[in-house]
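Enquirer: Given chain A, work out where chain B should sit, using these hints.
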Amino acid sequence: MANTMTKIASYTVSSGGATSISFSSIPSTYTDLVVKMSVRNNINGGSPWNDINGTFNSIGTGYSQVFAYGPGGGGVAGATDSYLDIRISGSLSTSNIFSNIEMYIPNYSGSNYKSYFIDQIDENTTSTFLGLMTSGLWSNTSSISSIQFSSTTFLQYSEITLYGI
Amino acid sequence: MTDTTTTQVVEVDCSTGISTTRPMTADEIAAQQKMQEDFAAQQAAQAEADAAKAAALESANAKLAKLGLTADEIAALVG
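Chain order of the listed sequences is A and B.
In this note's numbering, each number is its position in the first sequence, counted from 1, plus 375.
In this note's numbering, each number is its position in the second sequence, counted from 1, plus 53.
Isolated chain A (complex conformation) (with noise of 0.2 Å):
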């Protein structure tokens, strides 16, 4: 029988907004994690696109990644990070726009290092975006049981799912 996605759980934020999700307790039954989001933050760092963190297990540490860019009307371009960073849209993004965002961890519970990779495509208007492709390790041995994303205040209708596969 084929491998199938399987929701684990989810959370859309409320009015009140939020400044972190994370999801505890997750089941090491499965190969691997996929994490799917619909998010937008209050940040105006100056650009449509600004930084939030993610963690596993609460250890802000070990994190190493590569990603390429490519804004709209733009070349690709590469850099990388220490930390495990996702670019969402913020407060200077057009009105209601939503980043999307998907998030594999493959083999999340095995001894080894934990890579992840991250693709997502963040509209700003109908000629301006912002589409990123994220390649990370975590230098951790540890079974992934939590992962925490943080940012200033993630705003109402965000939603984070977590799914097992």
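Think of the hints as simulated: they come from the structure by calculation, not from any bench.
For every residue, glycine included, the Cβ atom is placed at its ideal position computed from N, Cα and C.
There's no promise every hint is true.
[What the hints assert, rightly or not] The following residues of chain B were derived to be distant from chain A, with all beta-carbon distances above 10 Å: (1) Ala113; (2) Ala115; (3) Gly121; (4) Leu130.
[Said to hold, decoys possible] Selected chain B positions facing chain A (in silico; Cβ < 8 Å): (5) Thr59; (6) Val63; (7) Cys67; (8) Ser68; (9) Leu122.
Expert: Below, chain B alone, put in the same frame as chain A:
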């Protein structure tokens, strides 16, 4: 969509499906502040790198023009 800053942390327990909301602890507030400072520093570094790259490109184009290349030829060369 309410656009106000909050200090509420949401925790979803995957074993029960129950989500709880609580105020941030002092440590979490400090960590968030550091994240914002790191982001600002990264943005500044990126802006500086972009400006240096643009200046280098402008300088290179000027030197190519001095060699006698037309604007179309420079565009064809550097893309």
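Enquirer: Would you list, in rising numerical order, the hints stated earlier that this structure does not obey?
Expert: The structure breaks only hint 9.
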